[in-house]
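With these hints in hand, go ahead and build the complete structure from the sequences.
Just so you know, the protein sequences line up as chains A and B, in that order. The number in our numbering is simply the position in the first sequence, starting from 1, with 197 added. The number in our numbering is simply the position in the second sequence, starting from 1, with 197 added.
No lab work stands behind these hints, which were simulated from the structure alone. Check each hint, because a few of them may be wrong.
Same chains, same label: a pair holds when it works inside one copy or across any pair of copies.
To be verified - Capping the alpha-carbon separation at 35 Å, the derived lysine-lysine pairs in DSBU-like fashion look like this:
hint: 1; residue 1: Lys-250; residue 2: Lys-219
hint: 2; residue 1: Lys-199; residue 2: Lys-261
hint: 3; residue 1: Lys-250; residue 2: Lys-214
hint: 4; residue 1: Lys-205; residue 2: Lys-219
hint: 5; residue 1: Lys-214; residue 2: Lys-200
hint: 6; residue 1: Lys-199; residue 2: Lys-250
hint: 7; residue 1: Lys-250; residue 2: Lys-205
Here's the letter readout for the chains.
Number of protein chains: 2
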Amino acid sequence: MKKITASKLSTIPAPEKYLNGKAWINNFSTGNTAGCDIASVMFEPGARTHWHKHPTVQILLAEKGCGYIQTRGVERELMQPGDMVVIYPGEEHWHGAVPDQLFAHLAIQLEKDEGIISEVTNEEYFAINS
Amino acid sequence: MKKITASKLSTIPAPEKYLNGKAWINNFSTGNTAGCDIASVMFEPGARTHWHKHPTVQILLAEKGCGYIQTRGVERELMQPGDMVVIYPGEEHWHGAVPDQLFAHLAIQLEKDEGIISEVTNEEYFAINS
Chain A
198 MKKITASKLS TIPAPEKYLN GKAWINNFST GNTAGCDIAS VMFEPGARTH
248 WHKHPTVQIL LAEKGCGYIQ TRGVERELMQ PGDMVVIYPG EEHWHGAVPD
298 QLFAHLAIQL EKDEGIISEV TNEEYFAINS
Chain B
198 MKKITASKLS TIPAPEKYLN GKAWINNFST GNTAGCDIAS VMFEPGARTH
248 WHKHPTVQIL LAEKGCGYIQ TRGVERELMQ PGDMVVIYPG EEHWHGAVPD
298 QLFAHLAIQL EKDEGIISEV TNEEYFAINS
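Printed below as a string of structure tokens:
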């Protein structure tokens, strides 16, 4: 058994290259022995990832606030606390906070990866039905 | 992408054969397509699982209240919101609420399984250092 105590984690800023705006990460670093990586990510209002995709499944579980998730070519969906989203390998997508609320989600990645990214433009983010 | 909306889940009572006391489960049913099963479990004060083990990794993430986790032969540990525990395949363990608080945790199971169980006695549960 391995215990990771929340009060001993260091929150780090999310790398700027992955997003538009600011987000904070608590990384549980379970990967080496657990077969998956788990992190809690808190987006400031209006912050969002770039478009990206992963080679393995990613699962997001909304924890606080209100956010968006969108896959390419499909209308965005709202995520509220307790909502879960499964993103399949290779699906291009972005996620982040709504403009006026923070959004925290747990991210579970079945294998570590760097992903492939491209920016979500302001036109895309503020479009009503894209 | 698959979205599982929290407000549409049905909370079910945990099967009695797995525990001592009462617990409630929100099952996200991600398993078939996501490669892991995720559920949120809420133990009433004093409720706990039986001793059990899994053939694959299990990860617990404390969400609310205060609980215990113990592996066989090692002192129990307290779990508070945000704390995570990785339980390795074959490690016999139990988890549950402290006597006077509820305890909710997320449980991530990398593969579905029935586990192998035996009851945590009151002597074990109320022992100070077991």
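Now for the hints, and whether the structure bears them out:
no. : hint              : result
1   : Lys-250 / Lys-219 : within (20 Å within a copy, 41 Å between copies)
2   : Lys-199 / Lys-261 : both (26 Å within a copy, 20 Å between copies)
3   : Lys-250 / Lys-214 : within (14 Å within a copy, 41 Å between copies)
4   : Lys-205 / Lys-219 : both (22 Å within a copy, 31 Å between copies)
5   : Lys-214 / Lys-200 : both (31 Å within a copy, 27 Å between copies)
6   : Lys-199 / Lys-250 : both (30 Å within a copy, 15 Å between copies)
7   : Lys-250 / Lys-205 : both (31 Å within a copy, 28 Å between copies)
Comparing the model with each earlier hint shows no violations; every hint is respected.
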